[in-house]
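Trainee: If you want the building blocks of each chain, they are given just below.
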Amino acid sequence: MLDLFLQQTVNGLALGSTYALVALGLTLIFGVLLIPNFAHGEFYMVGAFLTYALVMAGLNFWLAMALGALAVIALGCLIDLVAFRPLRGAPPLSLMISALAASIILQQTATLIWTSEARTIPTPVTGVLRTPFFIVTWMQVVVMASLILSVAAIWAILNRTRLGLAIRATAQNHDAALLMGISMVQVRLATFAIGAALGAIAGALLGATFPIYPTMGVNPVLKAFVVLVLGGIGSLRGAVLGGLFLGLVEVMVAGYLSTELQDIGAFTLLVLVLLIRPQGFFGTAQVER
Amino acid sequence: MSLLSLHNLGVRFGGLRAVSDVSLTVEQGQIFGLLGPNGAGKTTLVNMISGLIAPTEGSITFADEAGGPWPIDQAVRRGIVRTFQQTRAFLGLTVRENLRIAGIAAASAPPTDELIAAFHLEPVLDRPAGDLNYATLRHLGIALALSLRPRLLLLDEPAVGLTGAEVDRLAQLIRDWNGRGVTVLLIEHNVRFLMALSHRVAVLDRGRLLFQGTPAECRANPQVIDVYLGRSAEHA
Numbered sequence: 315m316l317d318l319f320l321q322q323t324v325n326g327l328a329l330g331s332t333y334a335l336v337a338l339g340l341t342l343i344f345g346v347l348l349i350p351n352f353a354h355g356e357f358y359m360v361g362a363f364l365t366y367a368l369v370m371a372g373l374n375f376w377l378a379m380a381l382g383a384l385a386v387i388a389l390g391c392l393i394d395l396v397a398f399r400p401l402r403g404a405p406p407l408s409l410m411i412s413a414l415a416a417s418i419i420l421q422q423t424a425t426l427i428w429t430s431e432a433r434t435i436p437t438p439v440t441g442v443l444r445t446p447f448f449i450v451t452w453m454q455v456v457v458m459a460s461l462i463l464s465v466a467a468i469w470a471i472l473n474r475t476r477l478g479l480a481i482r483a484t485a486q487n488h489d490a491a492l493l494m495g496i497s498m499v500q501v502r503l504a505t506f507a508i509g510a511a512l513g514a515i516a517g518a519l520l521g522a523t524f525p526i527y528p529t530m531g532v533n534p535v536l537k538a539f540v541v542l543v544l545g546g547i548g549s550l551r552g553a554v555l556g557g558l559f560l561g562l563v564e565v566m567v568a569g570y571l572s573t574e575l576q577d578i579g580a581f582t583l584l585v586l587v588l589l590i591r592p593q594g595f596f597g598t599a600q601v602e603r
Numbered sequence: 044m045s046l047l048s049l050h051n052l053g054v055r056f057g058g059l060r061a062v063s064d065v066s067l068t069v070e071q072g073q074i075f076g077l078l079g080p081n082g083a084g085k086t087t088l089v090n091m092i093s094g095l096i097a098p099t100e101g102s103i104t105f106a107d108e109a110g111g112p113w114p115i116d117q118a119v120r121r122g123i124v125r126t127f128q129q130t131r132a133f134l135g136l137t138v139r140e141n142l143r144i145a146g147i148a149a150a151s152a153p154p155t156d157e158l159i160a161a162f163h164l165e166p167v168l169d170r171p172a173g174d175l176n177y178a179t180l181r182h183l184g185i186a187l188a189l190s191l192r193p194r195l196l197l198l199d200e201p202a203v204g205l206t207g208a209e210v211d212r213l214a215q216l217i218r219d220w221n222g223r224g225v226t227v228l229l230i231e232h233n234v235r236f237l238m239a240l241s242h243r244v245a246v247l248d249r250g251r252l253l254f255q256g257t258p259a260e261c262r263a264n265p266q267v268i269d270v271y272l273g274r275s276a277e278h279a
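Protein sequence lines, in the order shown, are assigned to chains W and B. Here the first sequence is numbered in the working numbering, starting from 315 and rising by one per residue. Here the second sequence is numbered in the working numbering, starting from 44 and rising by one per residue.
This is chain B alone, in the form it adopts within the complex:
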């Protein structure tokens, strides 16, 4: 069953076409990977889906509801939640307070205890988020997104800056929460990490959809190898 469908989505910034004519479908329960070189339009696409910027063409359907994308607060209410490359945790509040914020607006209490256990946040609960080390702060960013009980979690380069062991732990966490029913749309430059996690992948190049299929098909696709994997395979 499809959860998210993009229909010819695109956006122009003045004379620049940042994303053009992107149509794809993310199935319920999938981890869907989005690949592409720098400037391909991956973050712009996620910005549109999450309601941060309005598309100039196309639309989205989410959970059988047409008429999207919606403004960011309405998207969150529908269960579309995203993380950022730069974490948006509340740095002056304690970790415990950060995790309580989702409960302010939510109809049901956030799964705070599960998140504390899963992300090993117990030792730092009463510390301001601004005092956390980089990896823990990134974990807190994802935990905050999960505290909103998303149906679709958009992860924008969650592994950037993490060490090998931290990346492995992050992969396990994403699998765990996907196993609990959270559909994931993942943008990541770390090709090995993305390919290992994703059920399906899409590749963007210069704002257009170049490929959509399974990770195995992606690795074998000559066009993808030419524009992206050929370069990144060296450090994948």
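Isolated chain W, as found in the complex:
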């Protein structure tokens, strides 16, 4: 009984790590630029497909993932330039519709290039780590380690660099940041670059475990929005803990109740949090600005 619980906990943390990676990029873009980027799932999908294409061309997985992430950074900045920057000052609904449009265009483009057939990226690490209490695959270890490294990297960028200070200042008060001479072009580029890179890395890592297909980003981005609500919109700590929590809830529901109920568990949690604590676990109540 305890063994099953520990095993499910490890599985839940591994799944939650991927949710957290996707949610981190999403919450950063939303927290700083107030853009509900539904196209974030496509950063994840394109990251997976580019890694796949480069691995198939003979590149090492890690190099392929890094190159894929760089290309997705460029894609993220392009999406911002075309879909979001012209809508500065527009109502949130316009931004949301523009994001959905970008998302659909990217999905269709990927279908044109790679077809809708599911593919798999050869796993870069194989085998399992056996402990007396649970078994964990080395790929799950890689995913969890990637989350830790990503969080450390984001923390360092935000708290130890001038650009990070500019990003945090903009997230706090956009108008005041402008008044202090902060370049919004740089802040937007950096925010989209970090967010897109995180999405691409998550896609590549998941693509090494699960099948990849052009609409693979839809479900994770919905889950990432659940994570944002759980953790508090704009809170990086909330994105990480919310992602891990969601992963645990899903795996526990699947393990102890039924796998069919896994998604119902996630979205029931969303409704409960919205009813009981709409600002999330780590968010603060906000007034519209």
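Hints were generated in silico from the structure; no laboratory data involved. Warning: the hint list may mix true and false statements.
[Said to hold, decoys possible] Quick partial rundown of chain B residues pointing at chain W, CB under 8 Å, derived from the structure: (1) Ile115; (2) Arg120; (3) Gly122; (4) Leu136; (5) Ile144; (6) Ile147; (7) Glu165; (8) Leu191; (9) Arg243.
Idealized CB from N, CA, C, for every residue including glycine.
Assemble chain B onto chain W, guided by the hints.
Mentor: Same frame as chain W, now just chain B:
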């Protein structure tokens, strides 16, 4: 030498003329006071000079450069910096981080140490700005503006809500930084504070310039006494 000249500046909001045909000149090194009853258009005028709103008529010249006003970020780059009635400090960042922000975009490092000493911010450097008391937060707002090394500092009611001793300290700080070469355009309801500090004053009434001259001339002007000082002199 003139630093800022307004040429027939005005703005309409729909059918309402908020400011109309204002022309005045602020000399380099001056403290220039702007007086007027509530709704006279003082903040609107400062909003136009600082690039927060675009005028519908007129223009400004700043440091011999015609073609203003400029959008707010370009105005800041030219050295036109303002404060707000509600401070725009970054409440979730520490005071130290707030003071570092100006250094992100500036070509030269902000005078952080001087500002910390002048505004007595040393004891609160590592506290979030949101935890500061009202007077310290207002000081931080002005220190943030000064951290951008402005040539022209626009102060929008900096003394509001401060106690007598805090107002005296603020007056001294404004004099000190003016002595270091910062030209100041000051909006303030506290007439005594403004008159004591300003080299020249202008009075706005219903969006139009009613008077421009020295504080002594202002106090003696019958029109100004009629529309403004007559009322405010009681609590000045």
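Trainee: Tell me, in ascending order, the numbers of any earlier hints that this structure violates.
Mentor: Structure breaks hints 3, 7, 9.
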